Amino acid sequence: MGIADGLRQWLDERFGWHEIRAFIEHKTVPLHRYSYWYFLGGMTLFLFVIQVLTGILLLLYYRPSANEAYESVQYIMTQVRFGWLIRSIHSWSANLMVFTAAAHMFSVFFLKSYRKPRELTWLSGMLLLFLVLGFGFSGYLLPWNTLSVFATKVGTDIPGQIPVIGKWILVFLRGGEDVTGATLTRFFGFHVAVLPGIATLMIGLHLLLVQRFGMSVPPGVEEEWKTKPLEQREMRFFPNFLLRELMAWYVALAVLGGLAALKPWELGTKADLFASAPPGIRPEWYFMFMFQTLRMLPAKVGFIDGELLGVLCFGAAFLVWTLLPFFDPGRPGRLQRLITGIGFFALAYVAVMTMYAYVAK
Amino acid sequence: MCNRFKVLDGIITCSERALHSAARVALHAFVFVFSILLLTVPTLDAQTKNSCLDCHSKLDAPLGIEEEQFSSSIHAQKGMNCTICHGGDPSSDDMERAMSKASGFKGHIERAQIPSLCAKCHSDAAYMRGFDPLLRTDQFSEYQTSMHGKLLAKGDTHVAVCTDCHTMHNIRPPNDPESSVYPVNVAHTCAHCHADENYMKQYKIPINQFALYSTSVHHDALTVRGDLSAPTCSTCHGSHGASPPGVASVQNVCSTCHVFQGQLFNSGPHKDIFSAMGLPGCITCHSNHGIQHPTDAMIGTGKGAVCTNCHTEGDAGYTAAGTMHDELEKLNDAIHTSDEILSRAEKAGMEVGEAKLALAAAQDNLTKARVTIHSVRPEAVDQEIKAGLKVTDSTWQEGLSAMAELKYRREGLLVSIVAIVFVLIALGLFIRRMESGQTGVSKESRQ
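As you go down the protein sequences, you meet chains A and B in turn. Numbering of the first sequence is given in the numbering used here, commencing with residue 1 and proceeding in unit increments. Numbering of the second sequence is given in the numbering used here, commencing with residue 1001 and proceeding in unit increments.
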């Protein structure tokens, strides 16, 4: 008996390797004209793994205090061997992850993959998307540069608008009334401990649910397969689908490397808490549609404060969007067409407002 | 419980009773307040009445006064009316009585009398303290030492008196942007007379000061950059004691702001030589009203150099001037070269923040060297230049390293991309080979 066979037997006796192998061999992915959208989930997971690995490497040098944060990132960028590459990949990968997670969410929405029995898969996915945004928001402050500090001030002001609990949330996020070194330490804690812990559990749950209910087939394709059962096709997950996913990951890696080498992530100037806010303060691109909307709202809409109204509307919209599977009837009809229409409107709104925010400055 | 009360032929409830009581109280209160108002109004009218303005606001110049202007003047703001200067009785509507000798009416005030009239209050420290304890009260004594004051004392009433600069009825504090003596307006106020060819003809002094000042670095700082501490006429000449600074005191005037330059000039060889030659210190090289931003070309032996006005080829000063100019140029060039390479690296995404910060120190050395020029000691200038060059050597090296690193990164990227493309092709071929003969697995076939 060779070493490989011995190891296989050892694993089989303890973990049921034979069953695992059988499971992997029998796992399939539906094959149809929309199958390429299935890659987005795996791509987001790949970028998350990149985030974890590069984040751990950055942790070796990063110092989470107002006096040392900027200098430590500067040290990483200039003195640590390949520090610039690790930090740039971490930053670019974070942005790509937000993009792929959002694209995955919209693809699931338009392909109606959230329908019964996959409501909890959608819910866990939405929570993961919010966690990804939380990672972005908390990580943005960590280099402690001028733009990040003032953008965090603006960003934490927004939940502060919520009636009754707004002030409490603001103080909780900032670790005080204002953005200070205490906010940095707090955001660091969220970024490297709280959010990764929750995200890991949620990813585990999400994958478990995906495995439990399998890949959803779009309603149109499902109908076609019902009428023409012979056209129903599937692809083996291992190795066929996984190898294709691997190719996509390699492409993502090349893109990340290119961005890091040609456009390393800027460090900016060190934050000065006593200086006045410089012009051009803005959040990361994925918050821009909200930022621009709040900026365009008048000071008062009727009797209610404009910004508060905006915050409440966005809160309500996100809540409804998250609970969408429970509103969808699951069969074609007027309500489902309305939901699809709302989805197109939401996508167009996010895209137009984001572009407008950059044009309007 | 509610009692009922008989009222004439009807009955009122307790709530109606309460309403009646409230109405009674309100009526009493109204009568009380109205009575007080009736008693107060004539008194208020007597206090605020100004019959002078009633008439003079309707007249044309020179007797006319704009009511709005007067009411916004500092005197009106402090509760003073026309009588403070002109006497009279503004409470009377009768013109004869209002402008009678008995009421102390003075009427028109002669120009020669104006400074002493103003001084009656403005030189009274005890009186002025009541308005602002920090207000100066030495304006009149200063004025008497000024060229204006001296000529006025000799009977020349053409010279400036208080109202020429501060206006008559629209006097505002110097920190009011509409004031004629607000820093930005001072030069215009002086130019009103000093740029008037006809007016100044009898004094035989130049009239181009304002035109020159308007082109100067000081004017630029004051009006374009909005630096209210930048020099205007009164900064160098004084305000109430205005007179041209003497030859010996020019550097004292300039050095009130340019402290180090003044100290270095005083410690250098030029001070005594200039004195002996009767040359005024700073303005010999920098001029006076039309001072331009100094450039490195001013020092040395080339075109635009002021040193060659006195020094000629072969003398020690000529050589020293050339040496100092070359040193400044050397550091200036080194800073620009370093800045150029660092900016190029920064634009390409390299982190060169520390090097750029260090380069700012070299710029400081250059500034110090330019100031040290006033000592006209090449060895002192050289000390700053050497310190600056040491910094630029280091920043230049950092710039080179950043560019080399950039090249290394791009080469690394190229190698990585080639490797990834190779893997992708290999994977593609592998998948094709693996799936040759297969077209996806149908459910039926798997079953």
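Please keep in mind that the hints were generated in silico from the structure rather than gathered at the bench. As the structure is a prediction and not an experimental result, all values here were calculated from the model. It cannot be assumed that every hint is accurate.
To be verified - Once the Cα atoms are required to be at most 25 Å apart in a straight line, the calculated DSS-like pairs of lysine-lysine come out as:
#, chain 1, residue 1, chain 2, residue 2
1, B, 1356, A, 263
2, B, 1347, A, 263
3, B, 1330, B, 1407
Do the hints match the structure? See the list:
Distance check on the hinted pair: residue 1356 of chain B and residue 263 of chain A sit about 19 Å apart at the alpha-carbon level, within 25 Å; holds. At most 25 Å may separate the alpha-carbon atoms for a hinted pair to count; residue 1347 of chain B and residue 263 of chain A meet this at roughly 9 Å. This hinted pair does not check out: residue 1330 of chain B and residue 1407 of chain B have alpha carbons roughly 29 Å apart, beyond 25 Å.
In summary, the structure is inconsistent with hint 3 from the numbered list given earlier, while agreeing with all the others.
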